[in-house]
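Engineer: What follows is each chain in one-letter form.
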Amino acid sequence: MATLAGPSRLIGAPIKRREDPRLIQGLSHYVDDLKLVNTLHCAFLRSDYAHAEIENIDTEAAKRLSGVVTVITGEDIREKVSSVPCAAEIEGLKIPNHPALAVGRVRFVGEPVAAVVATDPYIARDALDLIEIEYRELPVVVDMDKAIEPDSPVIFEEFGDNIAFTMPLDAGDVDKAFAEADHVISHRLVNQRLIPIAMEPRGVLAEYLRGEGTLTVWSSTQIPHHLKTFLSLLVDFPEHRIRVIAPEVGGAFGSKLNVYAEEAVVAYLAIQLGKPVKWIEKRGENFTSTIHGRDQINYVEIAVNNDGTITGLRAKLLANMGAYYQLLTPIIPVLTYLMIPGAYKIPNIKLELIGVLTNKMATDAYRGAGRPEATYIIERMVDLAAQKLGMDPKDIRFKNFPQPDEFPFEIPTGIIYDSGNYQETFNKALGIINYDDLRDQQSARRKRGKYVGIGICTYAEISGFGPSIGVAGGGWESSTVRIERTGKVTVLTGVSPHGQGQETSFAQIMADELGVDIDDIAVIHGDTGRQPQGIGTFGSRATPVGGTAMLIAGRQVKDKMAKLTAHLLEANPDDLVFENGKIFVQGSPAQAVEFATVAAAAHNAVNLPPDIEPGLEATHFFEPEKFTNPFGAHIAIVEVDPDTGEIDIQRYVAVDDIGHIINPLLVTGQVHGGIAQGLGQALYEGAVYDENGQLLTGSLMDYAVPKATQVPSVENDYTVTPSPANPMGVKGVGETGTIASTACIVNAVVDALSPLGVKDIEMPLTPNRVWQVIEDAKKGVSE
Amino acid sequence: MIPGSFEYIAPSSVDEALALLKENGESAKLLAGGHSLIPTMKLRLAEPEVIVDLNRIGALKGISESSGTLIIGALTTHYELETSDLAHRKIPLLAQTAAAIGDVQVRNKGTIGGSLAHADPAADWPAAILALDAEIKAVGQGGERSIKASDFFEDLYTTAIDPEEIITEIHVPIPGANTKGTYLKLPQIASGFALAGVAVILTQVENICQNLAVGVTGVSSVPYRAAGVESDLRGKAFSSDNIAAAAEKAVDGIDDVLEDIHASEAYRKNLAKVYTRRAIESAAS
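If you read the protein sequences in the order shown, they are chains A and B.
So for the first sequence, the numbering used here puts the first residue at 1; every next one is plus one.
So for the second sequence, the numbering used here puts the first residue at 1001; every next one is plus one.
Quick caveat, the hints were computed from the structure, so don't treat them as lab data.
Cβ atoms here follow ideal geometry from the backbone N, Cα and C, with glycine treated the same way.
A few of these clues could be false.
[Claimed, not checked] Computed, partial: chain B to chain A, Cβ under 8 Å:
| # | residue |
| --- | --- |
| 1 | M1001 |
| 2 | I1002 |
| 3 | L1186 |
| 4 | I1189 |
| 5 | S1264 |
| 6 | N1270 |
| 7 | V1274 |
[What the hints assert, rightly or not] The calculated lysine-lysine pairs, modelled on DSBU-like cross-linking and capped at a C-alpha distance of 30 Å, are:
| # | chain 1 | residue 1 | chain 2 | residue 2 |
| --- | --- | --- | --- | --- |
| 8 | B | K1269 | A | K759 |
| 9 | A | K779 | B | K1269 |
| 10 | B | K1042 | A | K707 |
| 11 | A | K450 | B | K1269 |
| 12 | B | K1180 | B | K1236 |
| 13 | A | K345 | A | K428 |
| 14 | B | K1042 | A | K282 |
| 15 | B | K1269 | A | K707 |
| 16 | B | K1249 | A | K450 |
| 17 | A | K176 | A | K759 |
| 18 | A | K35 | B | K1042 |
| 19 | A | K778 | B | K1249 |
| 20 | A | K428 | A | K16 |
| 21 | A | K447 | B | K1269 |
| 22 | A | K282 | B | K1029 |
Based on the sequences and whatever the hints tell you, model everything.
Structural biologist: Structure, rendered in structure tokens:
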């Protein structure tokens, strides 16, 4: 495979996001900003009960309200809208029917039960209050440990129990490793349920044109192309007559890597009513009825020798599915299972992953998606082992890293890490924070009564999703590069950025490749009508997979342009240089021809060489051969206030290796944002359901996402170990921060309190919880 | 989040507003900054038929000084108090408390009168208003009356104000010489409201506590004066030991300490003591 050609001008440059001027001036168009004439407005009535039989629904009063066009229930559409899709393929997976509107029974608070369409959103909302539903309450299943007991109430009677699937792994000789180990450390680790909270909630606008027979759907989604295919199946409408547009999307973090009931119902209603129908999710609905993340309980044991060598790992992983599956629900914890050894050589691993059904909203991909959980498990266990051995947590990590010459490095779960040098990255982080002095300072401050902690997380990630064999629905990406008649460049990409900044970074790549000004390049995405093929943005894949598809398509166009230019200049195409909007023979810039002149010649098509077709356009589908594996070392210093349990993050150093860097400003922004979300999990966030399955943290008054003032200043640095998985050598950076920071912060706080004998604290580390742990430790209450 | 339908009226005088309240009775609600009322309406936890917007009544706005008292119009925003030169010079505790409320957007719209009338048990103003022995002026059909801060808060979201009354002014006596104050709180991280907030006003002569007032919010269903702390320290030196011993009495006699998913009863009690100690130390230093 080719590598990047020529001296770079823009790749590697910290160019400001070209997206931002329109965003910060409010000039962008999100779904709710789009206005179509005669649009009707949809609202959903949702279940107030976590588990109940629907005995009766009376919609008559709602239908009589002036301005209401229609009211539909699950019974009305059960033959017309098919089950909300799940793309997971796991042996033995029990897949429940997931009606778009509940039929007969509700299984979580927030499940849509009926939909109202009215002439304005206020009337639609008023009508919801007029729908009468009689429920008969059923026993509620909220606790995973209890849900898998034989006497638990069952959510789907046809399944017999609440176990969605069981996935075992037995690699090496685990029993022998544990029998022979000097120490075995066992621990129960909880990865709490999180709510993604994108700034823009979901929204759908659908328009059916009866004459043309076309359905256009605008949705705040990460996957417009998949949504097109699934909508055709959901509402039985021919796919080639559907166009899906993801306009400006105000964040997602995985929550819009999905196909939702509301998307199907709104499309169905638009077709039935022959008028545009719009639904904009309310923040409260976003809390109860958009996917949640994490929610695992892990029973973990590791076998370790006196010298710090980890010889084995055993774990039972309980993963909360929720009541129904969304697109990838059962797959997310499989990533935990695959990545559980993290950055370490652990030869013997035995796992049992159990998917558990409960009366809660479905979990699914939330930034990091399975990998923060894996990192949390192994990074907490490594620290517990170091604590047990009286070893510096730095030393136990070095002891168990693979050596740089062992890459590509295969771990026992079957994943092959593409490239790495964990020692270099960790050493760089240790140097920045001056680790050896730091431990001395910590001792001195402890003597003065301060609770100071140093937390380390050295992580390995899997990203750049990925080879199609490892990604449901395909892991390739597609791009078209077109040089317009005037020499402007249109880049169409199948990835669907929603905050990542590829309108900037992709333009940097293409500007270098074609030797044109970045302002002459438009990067278009999120429209199946303009870019017919694509997969979407998730799993830190856009640049390694989508960027590569674009680069190769660009090279194909460039090759064609070189042939045409060679014909015009009577030169050899291999001798041509593309630079500053001109094309010339190497060494003869004075005889240059304008890039735009050649573009016009290609379109005018009156003097083309015999083997060249008119126009300048190429499309490439890139199928990656392998995943990429970013890695890094994060170190945090915290001080805990023993009187109140408040945590002060005093320094945070992040050294990440994501291969080559296209735009360091965007990369550092991604790392900052990821760290903020990861420390949100560590310190603040947690979805709390009560024993009746009611979501107690259903608003931003009760669910804390980190605010700017609550995030520390991060000291970023990088090492560069190129990925062999793509010609640019990039690995992907969307999730590294989230994967590393949660464990890093918790390790730091536990380290701060270790003089009190504290070994663990359950997340989130709220001041109340930390204070209680300190109080209990002082009273000698053991963990 | 779409509210039910309502009628909106924006009177230009207090008399007009009072007439609207009389006319519409329980179905009317007064709108000040709207930071509590509007979210409640959007969630349809409240569905008033008539909204009486006070924001066009100029007489309810502004800060002035009159014979040893700061007079704060009920519709004065938190931001105006935070940045008021008069407040900074005469009663810095008011500016400090205002600055601790919510975020910039909240402070730009939210008003002191609205906050007091709403009586959220974790709001910031009650601690300062109690510590400063302020008086709340209200006007109703029967004319004007004055309510002491200590009589004002009756229960969760419940005050001594009648439904047909309007808060017009808050009168805050300007403390005498050698008096300092401070407000410290630990916010609930999502909402910014106080898990515990302590306002202290103390008079210090040669390190001896001549007078002390401690207002506590966020801890109990009704904000309160920590009388045990005040009497314990009065007349004593502001030593660390004395302050710590007095602060231990921060929840004495309080039998309805709040408990929710954000903080346990035990933790709130602890916070009341710790923040009382720190607030006194800070003011006395």
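Engineer: Next, verify each hint and record whether it holds.
Structural biologist: Now the hints, each set against the structure:
no. : hint                : verdict
1   : M1001               : 5 Å, holds
2   : I1002               : 4 Å, holds
3   : L1186               : 6 Å, holds
4   : I1189               : 4 Å, holds
5   : S1264               : 6 Å, holds
6   : N1270               : 7 Å, holds
7   : V1274               : 5 Å, holds
8   : B:K1269 <-> A:K759  : 26 Å, holds
9   : A:K779 <-> B:K1269  : 18 Å, holds
10  : B:K1042 <-> A:K707  : 24 Å, holds
11  : A:K450 <-> B:K1269  : 23 Å, holds
12  : B:K1180 <-> B:K1236 : 16 Å, holds
13  : A:K345 <-> A:K428   : 21 Å, holds
14  : B:K1042 <-> A:K282  : 10 Å, holds
15  : B:K1269 <-> A:K707  : 27 Å, holds
16  : B:K1249 <-> A:K450  : 26 Å, holds
17  : A:K176 <-> A:K759   : 27 Å, holds
18  : A:K35 <-> B:K1042   : 23 Å, holds
19  : A:K778 <-> B:K1249  : 22 Å, holds
20  : A:K428 <-> A:K16    : 27 Å, holds
21  : A:K447 <-> B:K1269  : 28 Å, holds
22  : A:K282 <-> B:K1029  : 25 Å, holds
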